[in-house]
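Undergrad: Sequence:
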Amino acid sequence: MARLLDLPVEVLPLILTHILKSHHLTLICLVSHTFLYYARPLLYKRIFIYAWHRQGKTKVIQLFTTLARKPELAALVGVLEMRDFPKALSIEEQDRLMDLCITGLENCINLRSCTWTRDGSLTTPLLKALLSSSTLQEFSLNGHYEGHYDPTLLLQFSRLQKLTIIMPSSDIISLLPAWLGACTETLKSLSLICKASPRLTDEILSSAAESLSSLQRLHLAGCTKITHKGILAVMRVNPSLVSLGLEGLSPTFDMEELSGHCTSHNLTSLLRSLTLTMPSSGNIDKWFNQVLSLVKESPLEEFQIYTVGGDLVTGRALSEDFVARLVGAHSHRLRKFAVQRLRTSMQVIGMICQNCPMLEQLYVVVEDRNWGALGQCLSTASNLRMLHINFPPDTLGEDERPILSESEMLFIAQHCGPRLVQFGASTRVRLVERTAFRDGDGEIHTGMKLVPYESPEIPEQFLVQQA
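Sequence positions in the sequence shown follow numbering that gives the first Met the number 0 and run 0 to 466.
For the record, the hints were derived by calculation from the structure and aren't laboratory data.
Some hints here could point you the wrong way.
[Claimed, not checked] Dumping the calculated DSSO-like pairs for lysine-lysine here, alpha-carbon to alpha-carbon at most 30 Å:
#  : residue 1 : residue 2
1  : Lys224    : Lys161
2  : Lys295    : Lys228
3  : Lys20     : Lys56
4  : Lys56     : Lys228
5  : Lys224    : Lys295
6  : Lys20     : Lys44
7  : Lys161    : Lys56
8  : Lys228    : Lys127
9  : Lys69     : Lys56
10 : Lys86     : Lys127
11 : Lys127    : Lys161
Model the full structure from these sequences, guided by the hints.
TA: Take a look at the structure:
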């Protein structure tokens with residue numbers, strides 16, 4: 000009987016790329032020296048620490064102990080996501096951990112992307128250690144500055160291609176124009192994520208606009224003082240944006256002004272991705288028309304829309320007329336259609352699935368529990384790879400049981416096309432696994448089952464930046 004060890008060693012790297020859990024990769028490293036050679040780089044290539052991880056803070060200490068003492072392993076790290084960090088430590092323990100972190104980061108000589116978002120955990124020594132990396136291209140940080148670090152050090156991160164700042168304080172905002180100016184030649188993506196913050200204004204964004212001439216992706220969330228004026232200031236100097244996210248901005252944001260100016264000056268001719276929050280008041284039909292005008296000449300591939308706060312409970316639904324016109328204009332290109340906190344009728348779902356042959360990702364809020372009708376709608380989306388279904392809060396009932404059972408999830412997944420690889424409902428996410436089997440007559444059939452999501456990365460549908 001053939002064994003795994005009998006396989007040609009050349010196919011081993013291909014097999015190992017399908018192993019997602021770090022625990023499994025750790026066990027594979029123990030098989031043999033050959034397995035260790037191929038599995039260890041995958042184990043350390045991408046490291047994720049989340050607040051919900053069991054014993055996450057202990058893992059932080061263990062991780063940086065390894066990175067500090069084993070520079071050959073630290074050199075394998077390309078992506079480091081630190082979304083948790085121990086704070087309830089004695090002074091001696093804090094000093095010891097900080098020394099390990101500094102040495103560990105300095106040893107990560109091939110670090111390409113770093114996320115450090117635990118509030119109050121970023122310090123001046125840590126920033127200096129990150130500055131020692133000549134390969135760092137992506138940086139996501141908690142901008143809630145409370146004197147834990149010297150903010151002027153941020154100006155030295157001048158080779159970034161992607162920058163994300165979460166909850167920036169006024170000290171960080173005041174440095175933003177100078178920081179973006181230092182990154183003018185390299186910065187391709189900028190995300191500023193606030194929680195109803197008035198600190199970032201049109202004036203500040205306008206003063207930084209000239210430094211954003213190379214920008215391709217701009218995402219603003221919860222910046223309640225940003226209007227169409229600040230966005231236009233950026234787009235006038237950079238008509239090459241391919242992705243634009245405008246979430247929870249100023250109530251005085253004028254979509255008509257933005258749309259009219261962009262249309263007359265051809266500022267959205269390259270726009271492939273658009274994320275918007277629907278206004279909570281005003282003429283919604285008029286707003287939908289302005290959005291259609293905004294992307295009329297765009298090669299739109301991704302569209303995401305949702306409402307803020309508790310609007311979903313009030314019964315607001317995505318306009319069928321709007322979807323029909325959007326799909327009519329962009330059906331041959333649309334790969335992603337995402338709806339959050341906004342009821343989506345079966346007619347709308349069917350319209351999207353039937354008329355968008357390139358559709359790969361669909362996230363919707365379903366009120367009608369007719370799973371047969373839903374399956375029939377989804378069956379026409381032959382290229383669908385990722386599906387996520389949410390439900391209005393007022394349909395959940397009192398018993399906390401999931402609306403969709405595992406068997407119902409499988410029923411829906413079986414109606415989808417052959418390319419479906421991931422399916423989620425509310426907070427559950429499953430991977431689609433297919434197996435071949437032979438029946439009693441010798442005929443070969445394909446079966447499907449849903450298995451737990453094992454990737455260390457957060458599923459994309461939970462990363463929608465909702466202010």
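Undergrad: Work down the list of hints and note, for each, if the structure agrees.
TA: Verification of the supplied hints:
no., hint, in the structure
1, Lys224 / Lys161, "holds (23 Å)"
2, Lys295 / Lys228, "holds (21 Å)"
3, Lys20 / Lys56, "holds (19 Å)"
4, Lys56 / Lys228, "violated (44 Å)"
5, Lys224 / Lys295, "holds (27 Å)"
6, Lys20 / Lys44, "holds (13 Å)"
7, Lys161 / Lys56, "holds (27 Å)"
8, Lys228 / Lys127, "violated (36 Å)"
9, Lys69 / Lys56, "holds (20 Å)"
10, Lys86 / Lys127, "holds (20 Å)"
11, Lys127 / Lys161, "holds (19 Å)"
Comparing the model with each earlier hint shows violations of hints 4 and 8; every other hint is respected.
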